[in-house]
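All chains, please: the whole structure from these sequences, using the hints.
Protein chains: 2
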Amino acid sequence: MMDNSPRRLADPDENLARRVFIENVQPSVDDGRYPIKRTPGEEVEVTADVFADGHDVLVVMLRYRPAAASAWQETPMRFFGNDRWRASFPITSLAPYCYSIIGWVDSFATWREEVRKKATAGQDVESELLEGAAMVAKAADRASPVDREFLVDRAAQLVDNGQPGAVRLETGLAPDLQTLMSRYPDRARATEHPTLTVDVDPVHARFSAWYELFPRSTTSEPGRSGTFRDAEGLLPYVAHMGFDILYLPPIHPIGRTHRKGPNNTLGAGPEDPGSPWAIGAAEGGHDTVHPELGTLEDFRHFVEAAHGHGLMVALDIAFQCSPDHPWVREHPEWFRHRPDGTIKYAENPPKKYQDVYPLDFECREWQALWQALAEVVLFWMEQGVTIFRVDNPHTKPLRFWAWLIGQIRATRPDAIFLAEAFTRPAVMYSLAKAGFNQSYTYFTWRNTRHEITAYLTELTRSGVREFFRPNFFVNTPDILPEFLQFGGRPAFLARLVLAATLSGSYGVYSGFELCEAEALPGTEEYRDSEKFQIRPRDWNQPGSLADFIRRVNRIRRENPALSHNFHLRFYPVDNEQILCYGKATPDNSNIILVAVNLDPHHAHEGWLQLPVGEFGIGEAEPYQVHDLLGAGRYLWQGTRNYLRLDPTSTPAQIFLLRRRVRTERDFDYFM
Amino acid sequence: MMDNSPRRLADPDENLARRVFIENVQPSVDDGRYPIKRTPGEEVEVTADVFADGHDVLVVMLRYRPAAASAWQETPMRFFGNDRWRASFPITSLAPYCYSIIGWVDSFATWREEVRKKATAGQDVESELLEGAAMVAKAADRASPVDREFLVDRAAQLVDNGQPGAVRLETGLAPDLQTLMSRYPDRARATEHPTLTVDVDPVHARFSAWYELFPRSTTSEPGRSGTFRDAEGLLPYVAHMGFDILYLPPIHPIGRTHRKGPNNTLGAGPEDPGSPWAIGAAEGGHDTVHPELGTLEDFRHFVEAAHGHGLMVALDIAFQCSPDHPWVREHPEWFRHRPDGTIKYAENPPKKYQDVYPLDFECREWQALWQALAEVVLFWMEQGVTIFRVDNPHTKPLRFWAWLIGQIRATRPDAIFLAEAFTRPAVMYSLAKAGFNQSYTYFTWRNTRHEITAYLTELTRSGVREFFRPNFFVNTPDILPEFLQFGGRPAFLARLVLAATLSGSYGVYSGFELCEAEALPGTEEYRDSEKFQIRPRDWNQPGSLADFIRRVNRIRRENPALSHNFHLRFYPVDNEQILCYGKATPDNSNIILVAVNLDPHHAHEGWLQLPVGEFGIGEAEPYQVHDLLGAGRYLWQGTRNYLRLDPTSTPAQIFLLRRRVRTERDFDYFM
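In order, the protein sequences belong to chains V and A. Heads up, the first sequence is in our numbering, so the first residue is 1 and it goes up one at a time. Heads up, the second sequence is in our numbering, so the first residue is 1 and it goes up one at a time.
Note that these hints are calculated values from the structure, not bench results.
Ranges of calculated distance between the beta carbons of each label pair, as one might list FRET restraints:
| id | chain 1 | residue 1 | chain 2 | residue 2 | range |
| --- | --- | --- | --- | --- | --- |
| 1 | V | Y571 | A | H240 | 55 to 65 angstroms |
| 2 | A | N82 | V | K344 | 28 to 38 angstroms |
| 3 | A | E362 | V | V203 | 48 to 58 angstroms |
| 4 | A | E283 | V | R142 | 40 to 50 angstroms |
| 5 | A | V152 | V | Q485 | 54 to 64 angstroms |
| 6 | V | K344 | A | V152 | 23 to 33 angstroms |
| 7 | A | W445 | V | R557 | 49 to 59 angstroms |
We treat Cβ as the ideally placed atom computed from N, Cα and C, and that holds for glycine.
Dropping the structure here:
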C-alpha cells in the first residue's frame, strides 16, 4: 500500500520528517495495481500533485529504469501550476520499465528565496547568512572531495570574516553555490511514491494493419484445400495492399466427430472441411499442422516468405479441443466429466456444441494443463510466430491469461497477444489489464457520429488508453455488420477509413476488399461462411478496393500522426452525418485531418469548426489542406471551412494539413 | 495492496480459485487510503464492478461493521446492469465503520439456471440431476444438523430412486432447496475486497449554521472589554436567529510585546486590546482565559448557558504564541532560533509578524510539543467544548493534524475540527483527508452562475464529497468580499440564501446581519477590524437581517433536503443572472427549489427548465410551489416555468415543491 498517507503514523519519527505529499500520479492504472503500456520510442509523460504544508521550495524528481536495472535515472519535474508537476522519460528498449517520483523540501533554495526578498527590502540579513553557512557546511559533509573543498570555502566566506555584508550576500546567492548545493541535497526526509510499472511491447502492438486469411481458401480447384504453398502465392497481393500482419485462423487438424457442415449445420458430409476451431484429430492437436495445408516445414517456409514481403504472421490461439484431439485420450483429466464418466462438450443451454470440448482450467491437474498450453505458444514462437490472436479469452479464467502472458513475455518480450473478446466492458478491460497487448472492440457496431465520438473518447481520452489498445476490425468471419450488409461500396470505403485512421491498429478479414456482403438473413453471419467451407475467390474482380486499401495503408505509414491514438481530437461539423477528426504528432510536425460521410446513401455538406490555434496557425493565416486520397490541394483560412462528401465518389477525405511558412524570398512555402 | 489483482500469482493454488473480480468500489477515497465520512443516521450506498469469466451466477455481499466489532454483518448486493452491483448499509452509532465486498461463483444457482433451460428445451437432464445431487450432498456437510437432514434427503431424491425424472427435476428446482443451498455456500474460492473505512462524525459536522462573535465586543461601555457574562446576554439574540454553533475567536490572554494597534498598525497604545490570535501573556497561554473576559468558571457558565439556548460553542485553535506566552520561557526548544539564540518571529518575507512566534513542529522535542498541543484540545473539551475551528492548518505539517485529530477522536468521537485553510485545492483536500471534519472553501469568491455551478459540482458530484465537507462562510473577520462591499443589502440577502441552501454547513460573522460593508480601500479587510479593536454594536438597528436569517435557518431545520449536499442539482434558466437549483431527500418526500438573482442591482426574469419527472411528477400534472420566504403559493405545471426576482424586494426565493395527490374525495391535496 502507498506509504505516503498522513493517516499512517506507525513510525512517527520517520513519518514526521516527510512533509512532502505525492498524489494523483498519472499515468497509472488502478492506483498502480497494473502496468501501463508503451512501445520502444514512446515517451512516458508523468504528472503528479506534489505539495507540502507552508511555502517552502520543493524539488521533485521523476525516477525511471528498466525493471531489470538496479539504479534509477532521474530527471527533474517541472512545476506547471496548482501543485501539478510534469516530466517525461523515454522508453528505449523492449523490456519492462519502472518509474516513481521522489520529492523533498529544498531548504537551501527556500533560504535563498527568503534572503533575496529580505535583502531587496533592505532588511538586515546577518543572521540569515550564518544560517546559510551552516547549511553549506552540512552539505560539504555529503560532497565529493573536490566539491567539499569548494563548499567548505563558501561556508567560511558566509560568516562574518571582515568582508562587507553585501559581498557575503552575493556569495550566498551565487548560482554556482546553488548548483553545487543542488548536487548534494539532504534526502533523508524525502517522500517517494511507490514504484509504478510499464509493460513495453513491440511497436506492432500499437500500430499495425491486419489482414485475416483462411489459407485453405487459397485454392483454384474447388474441392481441394489450399495449402501453405498456395497461400505463398497470395503474399504479394496482401503485401501490395500494405498490411503488416497476416493472421491465419487455426491451422491444426480438424476433428471429424460431430463436424459441422456448411452454414453451421449438423451432419457434415465426407467432403466438408469442418471448422478450423474444432481443433485436433488423429493427426495431432495444437502443435500440429493440418495435413491438407502441408507440413510444418511448409508452414515455416510460408512464415519466412511472408517476412520477405514485410508481413508478420499471426496465429490463432483457441484453447479448446475437438472430441478427436489427442489430449482427450492422453489427458482426460484436463476436461469436465459427467457423472457417468463421459466428457462434457461445450454448451450454452439450450445450445449444444458437440464438436468442441472445453478445457477445465480449474481441474485438479491444472498446473500441468496450464504448462502444456504455455508450451503450445512457445512451440509456435519457435516456428517464427510472435503474434497471437486469442479466441474467446473471456470464457477462460482471467488469472490464467495473466499467468500465461507473464510467463511467455518474461523470456519473449517480442510476443503480442490480441484478445478476441466481445463481452461486457469490465471483462474486456480486465483482459487488457491482465496483459493482452491488443484487444478487439465494439467499433464494429459503432456507426453514428455520437456513437463513434463517445466510444473513441472513452478509448483515447480516459485512463483506459493506458492499458487497452484497440484493434478496429471492419469485419471478421463471425461478424458481417449490418452497415456493410446494406450500405454497399460507400459503406466499405467509409468503414475502412474510419478503422484505419481512428485506431493505430485495425484489421480486415478477406473478402472485405471485394465488398462481400451476403449474410444469413437476420444475422451478422456470412452466408456460406468460410468457417465451414473452402471459398476460393477471384481477387482481381472489378470493383476491388485493394488499391484504395493500399493508398490508405500508405498514408498510415507516411504520416506518424496516424500511428498513435492519444492525440485524437473530434471537431464539430454542423451536419450530424459528417464526422471530422484530427490526429497530430505532439510537436505538430505532422497533422492529419479526416472527414467521413457516415451516410452511405446521400451526399452531405457542412461547415467544419477547426481550432487552428491548437496547431499554431493564426486565425488570419492561410494554410494548405492536401487531400491524400483524392490528391486535391486546397487553401483554407481560419476556423470555419466547408466540406462536401458524396458517397458515390468520396465518402471520406484524409487531409494533410500544412502550415504556411513565409521565407525571406517571399513566396509561400508549406511545411 | 489489493490482493485481487490478476497480476499477482505468488500463491497460484490460492489465486487460481478466485475467479471473481471486484473493482471500482465506490465510495472510496484514493483507493481506500483514506476513510470516507458519514454521520449517524446516514446510509452508505456502495457500488462496485463484480464479474468473472464466463457466464456463471455470482453472489455478491456487502459486508460492514463498526470498526471495533469483530463480526461482519452482510447484506446481498443487487445487480443493476453492466457488471455493476449495489447495496447500502446504515450508520447507526458515532464510531468508525468498516466495509468490504465479498463475491463468489454460485455453482448451484448456475446449475439450476442451466438445468431449467435444458428441461424447457425438452433435453434429457438425467446426468444433470446427478450433478445436482452431488452439490447438495456437499452442502449438507457444511449445514447445521437440522438443515443437514433436509439436504441429505433432497440429495437422495435427486438420484434415480424410481421416481419419474419430472418429479426429481421439480425437487431440484424447488425454491426451498435453493434457499437452503444459499445458506451454506462454498466460500473457499470467494474474492474479498480489502477493507474500506468510514469516519463517523457528529451530525453537526454535516449540517450546522455557525455564528462568529468576539465576546469582548459584547460591551455597552466603549473602552471596557465585554465579558462572558455580557456575552451571555447576547445568547437569546443568536438563538433567535436560529444558529446551531456559536464560534469564538481565541479567548486567551493576548501578548503585549509588539502588540498590533487598530487596523493592524505597529505600536499599539496602552488601551489597544491587541489581536486575539497573538496568544499568551504573563497570565497564561492556550489553556487560560483572558482575564478581561472573565474566569474559566465564567467560561464554563457561558458554555452551559449557550447549551440552554440550543447553541454549541466552538473555540479557535491557533497553534502559535505571542512573545509573552509562558511556553517561550518554559519550552524555548519548541520554537525556531536564530544563530544568536533568539527566537524567530513569523515572517513572509519581506513581511514581519513580530507579535507571533510560530511553533517548530519539526523540533527535536516534537513529541512533547505535539502532546502538549493535544492536551490543549482535551483541556477545552473538559470545559464542554467539542467543536474547534483551526486557524491556518495548512502552515503546519499535515501529518501533525492526522495525528492530533486521530488521537483526540479515538476517545472523543464527538469532536469536530473545522479547517480554516484558504490555499491551493490539493492542500485543502489533503487536510480533509487527514481528518478535518469540515473545511472553509472558496465560496466567498464564487459569485457568477458559472463559478458557483462549477464549484458546487466539484464539491457535491465528484469524489471530493466523500471526504471534504464544505462550510460556506459569507464573511469572516479576515474577508469582507467585494460583492458585499458594493452590492448593498440585496447582496447580503442573496449570499446568505446561497450559503444556507447550497451547503449543509454555513457561517456568518457578526455584523453581517447589519450589512456592515466598510473595507480598507482596495482590500477585503474590514475598516477598524474587530481583530484589533473592541466594536460594540447596536443589534437592534433598523434594517437588520436578523429576522430574515431566522426565517432561512428555520427553513433549513424544517426541510431535511437542505441538510445534505449529495442531492444538489442545478437547473437551467435562460437568464445567466438567475441561478436555480434543487435539493431533495432520496425518497423525494421533501423537495426544495431555490432561485437567486445574482445581480444585486437589477431585476431579472427568465424561464426555468425543471425536469419534474425526476420528482415523480408527470408533464401534465400541476404541482404546488410554496415560497417559504415570501409565503406565496403558486400552481406550476410541466418543465417550463417563469421566474422573476427583483433585488429590491426578493433577490431569492426558496420554494417547497408539493406533489399533487388526488384522493377519492376528489379535491386536490398536496403532499
